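Visitor: Here is what each chain is made of, one letter per residue.
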Amino acid sequence: MSLWGFLTSVFQVDLLQGLSVTGKFLFHRKATIQYPEVTLVPKDRFRGMFGFSEERCIVCHNCAKACPIDIIHIADHFEEVEVDGKKKKKKVLDRYDIDVKRCMFCGLCEEACPTEPVAIWLTTKSYETAAYERNEQLYFDKERLQSWEGVKPYPGVVPPNEGQMPNDPSGALSPKPEEQKR
Amino acid sequence: MGNPWIAFLLVPLVKIIVILLVVILMAAYLSYFERKILAYMQIRIGPNRVGPRGWLQPIADALKLFVKEDIVPSRAEKLVYMIAPALITAPALVVFSVIPFGADTTFFGLLKQPMPPYLTDINIGILFVLGVSSVGVYGVILGGWSSNNKFSLMGGMRSAAQLVSYEVPMGFSVVAVLLMAGSLSMVKIVEAQKQAGVWFVFPGIVAFFIYIVCGVAETNRNPFDLPEAESELVAGFHTEYSGMKWAFYFLAEYANMVLISSVATVLFLGGWLRPFPNAAALAFLDVIPPFIWFAAKVGFFLFCYIWFRGTFPRYRFDQLMALGWKVLLPVSLANLLVVGLGVLLMGGPK
Amino acid sequence: MSTLQATRPFPDSEEMEISFGPQHPATHGVLRVMVKLDGERIIDAKPIIGYLHRGTEKIFERETYNGTIPHTDRMDYTAAATNNQALVGAVEKMMGVTVPPRAAYIRMVLAELQRIASHIIWLGTHALDIGAQTPFFYTFQEREIILDLYEEYCGARLTLNCMRVGGQPFNLPEGWTDRCRAFVDQLPARIAEWERLLTNNRIWKLRTIGVGVISAANAVEWGLTGPPLRGSGVKWDIRKVFPYDRYDEVDFEIPIGANGDTYDRYLVRMEEMRQSVRIVQQCLAKLPDGPVMAKVPKVIKPPKGEIYFSVEGPKGELGFYVVSDGSTNPYRLRVRPACFINLQVLPELVRGHLVADMIAVIGTLDIVLGEIDR
Amino acid sequence: MAEQDNVAPQEQAAPKPPWEEKPVPPEPRDAREHEQVREVAAVLPDVVLEAVEFAGQVTLTVPCERIVDVCRACKDGLGYKFLVDLTAVDWQERPEGRFDVVYWMHRFTDSKRLRLKARVADGVEVRSVTGVWKVANWMEREAFDMFGIYFADHPNLERILTWEGFNGHPLRKDFPIEGVDTGAAIYPDVYPPGGGPVAGGEGES
Chain U
1 MSLWGFLTSV
11 FQVDLLQGLS
21 VTGKFLFHRK
31 ATIQYPEVTL
41 VPKDRFRGMF
51 GFSEERCIVC
61 HNCAKACPID
71 IIHIADHFEE
81 VEVDGKKKKK
91 KVLDRYDIDV
101 KRCMFCGLCE
111 EACPTEPVAI
121 WLTTKSYETA
131 AYERNEQLYF
141 DKERLQSWEG
151 VKPYPGVVPP
161 NEGQMPNDPS
171 GALSPKPEEQ
181 KR
Chain X
1001 MGNPWIAFLL
1011 VPLVKIIVIL
1021 LVVILMAAYL
1031 SYFERKILAY
1041 MQIRIGPNRV
1051 GPRGWLQPIA
1061 DALKLFVKED
1071 IVPSRAEKLV
1081 YMIAPALITA
1091 PALVVFSVIP
1101 FGADTTFFGL
1111 LKQPMPPYLT
1121 DINIGILFVL
1131 GVSSVGVYGV
1141 ILGGWSSNNK
1151 FSLMGGMRSA
1161 AQLVSYEVPM
1171 GFSVVAVLLM
1181 AGSLSMVKIV
1191 EAQKQAGVWF
1201 VFPGIVAFFI
1211 YIVCGVAETN
1221 RNPFDLPEAE
1231 SELVAGFHTE
1241 YSGMKWAFYF
1251 LAEYANMVLI
1261 SSVATVLFLG
1271 GWLRPFPNAA
1281 ALAFLDVIPP
1291 FIWFAAKVGF
1301 FLFCYIWFRG
1311 TFPRYRFDQL
1321 MALGWKVLLP
1331 VSLANLLVVG
1341 LGVLLMGGPK
Chain E
2001 MSTLQATRPF
2011 PDSEEMEISF
2021 GPQHPATHGV
2031 LRVMVKLDGE
2041 RIIDAKPIIG
2051 YLHRGTEKIF
2061 ERETYNGTIP
2071 HTDRMDYTAA
2081 ATNNQALVGA
2091 VEKMMGVTVP
2101 PRAAYIRMVL
2111 AELQRIASHI
2121 IWLGTHALDI
2131 GAQTPFFYTF
2141 QEREIILDLY
2151 EEYCGARLTL
2161 NCMRVGGQPF
2171 NLPEGWTDRC
2181 RAFVDQLPAR
2191 IAEWERLLTN
2201 NRIWKLRTIG
2211 VGVISAANAV
2221 EWGLTGPPLR
2231 GSGVKWDIRK
2241 VFPYDRYDEV
2251 DFEIPIGANG
2261 DTYDRYLVRM
2271 EEMRQSVRIV
2281 QQCLAKLPDG
2291 PVMAKVPKVI
2301 KPPKGEIYFS
2311 VEGPKGELGF
2321 YVVSDGSTNP
2331 YRLRVRPACF
2341 INLQVLPELV
2351 RGHLVADMIA
2361 VIGTLDIVLG
2371 EIDR
Chain S
3001 MAEQDNVAPQ
3011 EQAAPKPPWE
3021 EKPVPPEPRD
3031 AREHEQVREV
3041 AAVLPDVVLE
3051 AVEFAGQVTL
3061 TVPCERIVDV
3071 CRACKDGLGY
3081 KFLVDLTAVD
3091 WQERPEGRFD
3101 VVYWMHRFTD
3111 SKRLRLKARV
3121 ADGVEVRSVT
3131 GVWKVANWME
3141 REAFDMFGIY
3151 FADHPNLERI
3161 LTWEGFNGHP
3171 LRKDFPIEGV
3181 DTGAAIYPDV
3191 YPPGGGPVAG
3201 GEGES
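Residue numbers (my numbering), protein chains in the order written: chain U, 1 to 182; chain X, 1001 to 1350; chain E, 2001 to 2374; chain S, 3001 to 3205.
These are computed hints drawn from the structure, not numbers from a lab. Among the hints, erroneous ones may be present.
Now the in silico label distances, taken between C-beta atoms and shown as ranges [to be verified]: (1) U/ILE33 - E/GLN2023: 23 to 33 Å; (2) S/GLU3158 - U/GLU55: 51 to 61 Å; (3) S/GLY3079 - E/GLU2249: 24 to 34 Å; (4) U/ALA130 - E/GLU2014: 48 to 58 Å; (5) U/ASP76 - X/GLY1243: 57 to 67 Å; (6) X/GLY1243 - U/SER2: 46 to 56 Å; (7) S/ALA3152 - U/ALA130: 46 to 56 Å.
Just so we're clear, the structure is a prediction, and the values are computed from it rather than from any experiment. Note that beta-carbon positions come from the ideal geometry of N, C-alpha and C, so glycine has one too.
Given these sequences and hints, build the entire structure.
Guide: Written as structure tokens, this is what we have:
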């Protein structure tokens, strides 16, 4: 061992180095976010709770097919509607259920959606989806998907509304909602 | 102090109660400060929900531990399992009877004549400290053994070997101070430092560092926390303990930390004395009461404990033994020789 | 340091068998090791795995090719991007797809960030295993920034699902490259800080040098890949041997160790983080314009055949063996899990060491049970 | 960066970059004349049953009973020191043997890889290659666990990912993805054989 090495060893330079780092961080700005009082705002592309718009949906089942774990259940029937005096067959949504408790938020359903703007999206910035009972409260049918009843939306985020862009959770670009849900 | 019975019974009783309360509260709040300082070193905030800035956290913890279910493993050695926490806690608290927290004081004029703020000063004080505190190891071993858990058993065995090994260099480093002081009494040791005009940390710097290392090892603290190394032995000897029994182990550990720091203060940092107690130039420091000096020095040691915990990795068992027997013991012996020679040349202890 | 060579157990000693895990603070999840002990010395260790087995390979067989990608996220959940990269690389090779250069560069950035993130988790937990608590928090603070970058890019932080067959699903958001560059530029200083805490620390050295030594020949024999192999001094990295994406266009070194012990593997990984920083910096500088998605059919339907494609994951060679019968679902999709194969060597490495060393060795192998059990 | 989505307008004459073309999948080719195959054939002339090259990867089908010889020759003679992967594929209806056991080897000297394949009928033992590469140990255990292929001479052929007493081999094509009643012998003293906890059940309090 060299003399220098011996000296550094006797005077514990290696240990003092470590102590200096932790000592420095003692006065460092703290990284903690005090969660319920302070919340982090998710990024624009954040995949959170679902938004769904029945008007935009063309009942093509692409989302259900794209879902890797088959948690989107769709049922539809044909109805005759009059458009410009002509009778046309139109698909009508009976049921659009998402078993959110099993969802892994991969976003493939949103990517598969052919409508513009998409009829199902996850960019609602809402992540506080905890519930006391998962079978009831985390199973969403199409009404709840559009109103998020039972799941607390992220504060400051309005539930998606008519004409709202999926990447516009604050609703700034779209018409103001009449009533802000919770 | 008219009635001798008051002096004989009541005053010590009051002192005992006060010291016990202070030590237990200190242990509780030491846990708070440890969590807080550790958190700050780890760029976190630490406990801050119970009470303002989390000040009531230790109280909340204590309450929680009181009401917690007390689980005794069905195949544990019940009696020993019950006794073990007491065996470690009692010595840790008893030892505080001989720690001199400050010089004789009238408590800001409350008393007519000055009274020592410590319980007693026995002429073998330091021997008493070393002797009684080493009884605590039985609590660890028995607790580990009686839990009937292999991790606990290993923790207990580690602890036994560790505590016994580190008593030896620790004893030798204390002897170096005793040579300089010429007394075993804790108060006399402090007074010897006053006479010498210098804390013993300066002539006994090597003994001081050996004492610190051994002290950290004796209290099973990082980087010597092998008996309860959570990444290896889950929680070591107290894996199976819960509720108040666990709290006793916890209390003993923190009380021991305070104890080791107090003894280090008395032996090396001049107890309640200000720096360079005879230097007139520093006389303005005398406005600070002696027990504040004492508390500040103890606090410094405790901070170092926490700082070490926040910084260092953990030794391995054989490396710990090698450090104790192959490094600290020879160095402490050599230091003893040097200090002895020095004392002899300077004309013997004061 | 290596005073711990296996010695004959004492003649009248009693062996003790301890079950480490599956609930144990230092087994990185649900690994269980049955350890036979003589005192504290390990006579034999037997890893027992499968507590996290989810049948991922069976699930793959019922998914479309793009639908398998979210499932790969959940294998090595500390390195979802490299898992994605391996899978889409395999399918692309099978279909003959050339990924647009911009997508390839984005993939490299994501993969290298993921390597940094994975090594950061390794460093934090490894240090925690050896008893140093604090690096865990320092490292995770940096990882948080990486996760933020991922969140901004693909919307998820851990299970990214951030690659598709044929390219990238999204383009980079505005300002992402600047934030990414700012992060990687300051990272070497952070790494130096972590090293100040550990590299020269005598306790760290005592705990890691000479622990879990494996020679280069033995490492190859046991099929080790990644940092455990490079720590033994084998200069082997899929990124150099079989360059995928555009790794042949960037300049980086492969750090190797000399002794094949825990300390060398530690140094290798620390250096790998710096090299990843270099790669990310180069990628961001070279990042070409253009599309991020190649022209691939909407329904991914590779031809009949079989292919093996591997990437250099943070843990080692992560390979996907795809057997296609020409339909939209993989006929068989086998994962070559790096951790699974690296873990196999554990009994070899710990025999004759102390219990504490086993914890260090489990840490240094950098296992993720999600990938081992799949 | 959104505008970068649109490619800069290109010259009409310039050929399209490959990512704009329809992808051309690789074709399987007979690889009997491939250099790596010839190397093997030079050492063991009669083992090459079939050789296919697909996307640059050479697959060699060898007789199942000769697999250890071939592997040893590949490792010792041809320098395939590194067994990258060992797995199996289930071709349920195939007449010449239900399973493919696949060995995927790497050679460090020139970074070449070679795939060996042995066709095995259900219930037929394959000889273990753990004597050749130590790494094969767990891979063979996994293949046994997942496919029920028995490896003779394996030092410790136990189930590895599922538990002892698991009923069935999950990666066989006839194993339903919904799972089977596993007959889990998890707690033999609590549950009678075949009566273990069922997936999705409430469990026993």
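Visitor: At the C-beta level, are S/ALA3152 and U/ALA130 separated by a distance inside 46 to 56 Å?
Guide: At roughly 53 Å between Cβ atoms, U/ALA130 and S/ALA3152 fall inside 46 to 56 Å, so the hint holds.
Visitor: Against the range 23 to 33 Å, how does the distance between the Cβ atoms of U/ILE33 and E/GLN2023 compare: consistent or not?
Guide: 29 Å, holds
Visitor: Just to be sure I understand the hint, the distance between the Cβ atoms of U/ALA130 and E/GLU2014 should be within 48 to 58 Å; is that true here?
Guide: This hint holds: roughly 50 Å between Cβ atoms.
Visitor: Please check whether X/GLY1243 and U/SER2 have a Cβ separation lying inside 46 to 56 Å.
Guide: 55 Å, holds
Visitor: Within 51 to 61 Å or not, the Cβ separation of S/GLU3158 and U/GLU55?
Guide: Holds, since S/GLU3158 and U/GLU55 (Cβ atoms, about 58 Å apart) stay within the stated range.
Visitor: Tell me if the beta carbons of U/ASP76 and X/GLY1243 are separated by a distance inside 57 to 67 Å.
Guide: Holds - the Cβ-Cβ distance for U/ASP76 and X/GLY1243, about 59 Å, lies within 57 to 67 Å.
Visitor: Is the hinted range of 24 to 34 Å satisfied by the C-beta distance from S/GLY3079 to E/GLU2249?
Guide: Since the Cβ atoms of S/GLY3079 and E/GLU2249 sit about 30 Å apart, the hinted range of 24 to 34 Å holds.
The earlier numbered hints are all upheld by this structure, with none contradicted.
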